[in-house]
Amino acid sequence: MIPSSVDYTRASSVGEAIRLLAENPDAKLLAGGHSLIPAMKLRLNSPALLIDIARIAELRFIEDTENAIVIGAASTHADIITNQYLKGLTAMIEAGELIGDTQVRNMGTLGGSIAHADPSADWPAVLLALEAQIKVQGADGERIIPAAEFFTGFFSTALDSGEIVTEIHLPKAAVGSASAYRKFMQPASRFAIVGCAASVTVEGGVISAANVAFTGVSDAAFLDEGVASALIGKSATLENIEAAASAAAEGDMHINEDHFASQAYRKHLAKVYAKRALAGACGL
Amino acid sequence: MSNKFIGKSVKRIEDKRFITGKGRYTDDIVLPGMTYAYILRSPYAHARIRSIDYSAAEAMQGVVTIMTGEEVGHYGVPCGWQVNFKNGDIMKEPPHPLLVKDKVRHVGDAVAMVVAETRELAQDAAEAIIIDYEVLPAVTDASKAVLPGAPLVHDDVPNNICFDWEIGNPKAEVDEAMASAHHITSLDFVNQRLSPNAMEPRSYIGQYDNVYDKYTLYTSTQNPHLIRLLMCAFVLGLPEHKVRVVGPDVGGGFGSKIYHYTEEALVTLASKKIGRPVKWTETRSEAFQTDAHGRDHVTHAEMGFDAQGNIVGLRIKTFANLGAYLSTFGTAVPTYLHGTLLQGLYTTPKIHLDMTCVFTHTTAVDAYRGAGRPEATFLLERLVDLAALEMGVDPAELRLKNFIPAFDGVTQPGYQTNVALQYDSGNYHSVLERGLEMLGYENFRKEQAEAAKTNKILGVGFSTYIEACGIAPSAVVGSLGARAGLYEVGQVRVQPTGKISVFTGAHSHGQGHETTFAQVVADRLGIPMEDVDIIHGDSDTVAFGMGTYGSRSLAVGGSAIVKSLDKIIEKGAKIAAHKLECSADDIEFKDGKFTVKGTDKSLSFGDIALTAYVPHVYPANLEPGLDFSSFYDPTNFTYPFGCHIAVVEIDKETGFTRVKRFIAVDDVGNVINPMIVDGQIHGGLAQGIGQALFEGVEFDENGQITNGSYMDYTMPRADDLPMFELDRQVTPCPHNPLGVKGAGEAGCIGSTPAVVNAVIDALWSAGHKVKDVRMPMTPERVWKAMQPA
Amino acid sequence: MLCNTLKTNGFCAKALNFYLTYIMPKITLTVNGKTHTHEVEGRLLLVHYLRDTLGLTGTHVGCDTSSCGTCTIHLDGKAIKSCSLLAAQADGSSITTIEGLAPEGELHPLQEGFKEEHGLQCGFCTPGMIMCAADLLSRNPDPTEQEIREGLEGNICRCTGYHNIVRAIQYAAQKSAVAV
Ligand SMILES: Cc1cc2nc3c(=O)[nH]c(=O)nc-3n(C[C@H](O)[C@H](O)[C@H](O)COP(=O)(O)OP(=O)(O)OC[C@H]3O[C@@H](n4cnc5c(N)ncnc54)[C@H](O)[C@@H]3O)c2cc1C
Ligand code: FES
Ligand code: FES
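Chains as they are written, first to last, in this note's numbering: chain A, 1 to 284; chain B, 1001 to 1789; chain C, 2001 to 2180.
The hints are simulated quantities; they were obtained by calculation from the structure and are not laboratory data. Just so it is clear, CB atoms sit at the ideal spot from N, CA and C, and this is done for glycine as well.
Below, in silico cross-link-like pairs of lysine-lysine (BS3-like), each with a Cα-Cα straight-line distance of 27 Å or less: (1) A:267 x B:1453; (2) A:267 x B:1784; (3) B:1769 x A:267.
Footprint (simulated), chain C over chain B, 3 or more residues, beta carbon under 8 Å: (4) 1010-1022; (5) 1282-1288; (6) 1504-1513; (7) 1702-1711; (8) 1717-1728.
Part of the chain A face toward chain B, derived, beta carbon under 8 Å: (9) 1; (10) 2; (11) 184; (12) 187; (13) 188; (14) 259; (15) 261; (16) 262; (17) 265; (18) 269; (19) 272.
Let the hints inform the model, and build the full structure from the sequences given.
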């Protein structure tokens, strides 16, 4: 319940945070703290210095730009689900509402969640399905990482040490496209045993584009190409969705297992939740 | 006597401090000069300690003292109930040292205690202690621990068997009855281990005062006097009159805070050693490893029926897991609190339980809400429901056919069971009939048939239970091995101004005694409730007490108070008679007035109170004062019973199970405060449903708890449960003055099998004829039951 | 940082503490309307600051995994779990705890609801429940039963089975609606 000794400082700008990170190799960024502090309380993580970025104004905003909704990395889950610009990105709202609980949503941030890359976290699947672009900044300047390249494995990302996630760009929903998020919860922690985000574009009754992404199923969130490709060119019916969903979580991949869900059951749930998320996105 | 408060849902007096954040739990207490303890625990389930090096830790800033088994290992905590082997040998009773020095026996076993200036420094120093362990193989399953070659928990306990035990009719008679049965329903099942999880973690403060040579222990306990007695007489050998034990506000117990824990003695010893108060508060992770667990039976059971569906016999073999050490009541729970309830509500003529109680490399097991009785109810109600499915008869009908006929215990005698107890009074058919009515049984079966064609199937499960509460007659439990009496103490002190201080040995940690007891006192004396103060939880103010568990507070503690009230009224009548110049027999006490029968001459209760303390005009041979203390020792247990019905909905695609409806019709005897009784039932239902669907402590092969936190151990949350549908029937208890039976555990005793039966019923309705789904019935387990084998 | 160097050099605690006393963050925050300034250890959790430093023991600790909600308070008007942030993170904030929810001597409609509907037994989860429910009602003044249940998902009660907690919150919602 008591973290090891740690120093604390608040950065007033992204630039300052980057400088502090560079100067202190044993430092960690602190955003909402809702992954980091719980780990520190159990002494599973003992950084020497915490650099608090939660109050940096340039990191906490949600903006409607021409092509994308842009979310500052330190925006909380609660900021996101109550934001009017995000109403059209249903999967964001549906996923955000299912993260933790009220108190967690009031502290935890989007940037913290994706940087932490918990294999059962909700946001990663949604960002994959919505083809988000993740803007990061380090001592060498800024770069953009597509979500599909960001989540590289078990608690690991394409972030370099010393880099900060600054913005998440969500392309605006194309005409005729819609998204949904469905989650089968681990009953105690309420993280995802299986979370599925689906985004579908239907033109003239026919599916022209689709993304299906999972969290909880494997080491990291991933896009399931098998399901998506089986949908293209098909009419958006339950039968077609069900048939496509049966391809979920197949192929050569690691499937998680724990005392709530064996590999076989998780795989089965992936198919059920792919169906449900797709049905949701298609309004069925 | 008046009737203003009894039977009314009076709002709770204690609430005010809790809703404003002013409750005072042990960890809220700060004493001058207080130090903080951290206990270093074994990360292994079974290991020999080769060496402990705490020199670096001792040198750290802020460290006051470090204690190890070398210093205090010769002290140990006792077991409160001796049970003997079938052959009469005394149970194996290995020591449970305050800190171990040779061998650790479960994950969380205490090895060293660091006392420091702050909580932080104590933990930092504990991390610097170096222990060299030789890790040994561990066993956690009771049925495996008895097998040849299993690792031994205690070197001198062969096969890890603490004792074996039996109850009921002679085995041969039961075998004969089963041989004659037309149908036998048999079931192998596990009644899994649970963590009680009172929301307040255990917390203790030891304080030694060298001016008065007096010890004070603040403790989150259900029974402060019992802790004092055990700690003084059996653990530390302290003079009892120099020890004060205070149980302030306590954040739930559910049985886990009966146990006299090692840490209570440790902080007491440490405070004497350093001359300063020592506080220790556990973390939730420690609670999972060290708070006594509940249940953990591995059972094979068979129930035999004749061709007409009458139960002819019941035969059971159970292995009960006691954990690594004996807890205070751990030995009584699987035996006298479990075997004696196997008659249930049925006329079963022949019953035999063969029980083996076993040590394993796990946390000690003790009472958990219901303690033994939920295990008995689960066994019976699963068998009866399953038998109905197997025989193709209606589960409600099958029960009604086999129920014991109604008896009031007054004009009709109590019911003598085959497993030692005599039920006091009961009317079992009517609770089930009322439950069926609330359910709308016929309609439900139609809905169920429709649902069976869809992806959301429905099931209904019944459970009709009986429990033995109000524990217990001291002579009876003494003859069965209890090392304490189970009476209760109630003192009523009428102050000179007529205000009342009541001292009770019962302890409230959520049950609302401050309200319920005050209702009883106010009505009996015909005074306002505000004039009554209920004092509990402090051994310096309350003469003695056995505490709160086994749904005993009102039945036993309340009865003790009533006895003292009777004495007060009797003495008051003598004083009144003297003042009113008549005989005491002519005085009648009603609505707070002593009246000369048939006249309007009367004196108020307040007048009499004042006279008792200002005895100027006073009977010659009567002592002044109005203050009585009574010990009430019950003549029998009390036997609440009821009917619980669960309706579940299962998502066929995922196995996800939701309790859609939960109906409970309970008969807990007379009810003093319906609001509080309903609240007790609600809480019990949540815990019972929790066992069925969510909870269960899991160990890996090394004896590690794999779900020892709220991130993994599923506690029922608000959105996991429905609104409960409650009704009540009243069959007064014939043998205590309030006619009450006890309501604290009923909800938890009846509900678990109702939910499991409902899931099995749903599965059968969809063609999946499985006998059991292991608890907790997680979605995966339910889903698997629906897959082709 | 220096303290880490000290740690790895193995002679940590004494020197470390000496050192910490010099760099301990100084925080200023408003709690229940009163401003406090303290130097705190970086690792001090907000819940321990409230309980130990300010003596506000109505905020409880029921777990070590941020799961139980007994520590719920309001930080700048929003419910949060005070066990899951450092006191330093709250520097500059305004905090309300159960002790400050209603003016001294008065009860908030939720406090009243919990009493009227028997929404508590042992009382240990109660402050957290009430603070969480207050956040819920501020966002959704007229919640359905299901919304109330979902709104309490971060809080565990072991005593009540939640039935009467739901009713207590319904009571408060109705009472506040009448008052408006
Ligand atoms: C009880 C509970 C339940 C939860 N349930 C869920 C759930 O159901 N689903 C879910 O998805 N999550 C859940 N979470 C996790 C929660 O959403 C976290 O808030 C989130 O994962 C991390 O965000 P944070 O802002 O709190 O990050 P922090 O804890 O502050 O940081 C996490 C990690 O990310 C780094 N970091 C933070 N911000 C940045 C940045 N901008 N750039 C680079 N690195 C950064 C930190 O250094 C740290 O290593 C739960 C948490 C709790 C306590
Ligand atoms: S103490 Fe359990 S969530 Fe904060
Ligand atoms: S009232 Fe005891 S935990 Fe909720």
